[in-house]
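Participant: When you get a sec, could you build the whole thing from the sequences and use the hints?
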Amino acid sequence: MKPYIHKVKYYECDRMGITHHSNYIRFMEEARVDLLDQLGYGFEKMEADGIVSPVTEVNCTYRKTTTFQDEIVIDVHLAKVSTLKFDFEYVGRKDGAVVFIGRSTHCLMENGRPVVLKDRYPNLFNID
1 MKPYIHKVKY YECDRMGITH HSNYIRFMEE ARVDLLDQLG YGFEKMEADG
51 IVSPVTEVNC TYRKTTTFQD EIVIDVHLAK VSTLKFDFEY VGRKDGAVVF
101 IGRSTHCLME NGRPVVLKDR YPNLFNID
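Heads up, the final residue of the sequence shown is numbered 128 in our numbering, and it's a clean run with no missing numbers.
No false leads were slipped in.
Pairwise CB distance ranges (calculated): (1) Ile25 x Met1: 18 to 24 Å; (2) Val55 x Asp14: 20 to 26 Å; (3) Val58 x Gln38: 20 to 26 Å.
Quick caveat, the hints were computed from the structure, so don't treat them as lab data. If you're wondering where the values come from, they're calculated on a predicted model, not measured in any experiment. Backbone N, C-alpha and C fix where the C-beta goes; we use that ideal spot for every residue, glycine too.
Facilitator: So this is what it looks like as structure tokens:
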């Protein structure tokens with residue numbers, strides 16, 4: 001899969017001129033949505049099937065700052081799958097240097113009830 005590239009916008013920076021920490025969670029979401037689109041399991045397809053995918057946990061470790069117009073190359077991959085949850089891991093780089101490492105945990109729900117992942121999307125969650 002190709003990495004996701006985010007170019008830092010002016011409004012994403014704080015008064016010190018660096019990217020505000022909260023935006024990295026958004027960048028992770030953008031990268032995850034892009035990956036799912038590349039896999040053919042985009043949110044539009046899932047939502048058309050009545051599926052939603054809430055975040056149950058998210059974390060981010062910041063290594064280096066970024067600033068306005070920096071390009072952050074984000075690699076994302078499916079790291080772990082269980083019966084009801086799945087984890088994505090993210091590594092964001094600027095000019096080859098790691099700027100953040102993140103992880104998010106999700107589940108799938110239909111009509112407010114959890115979905116057994118391997119029953120509903122067996123090919124998506126094959127991470128052998």
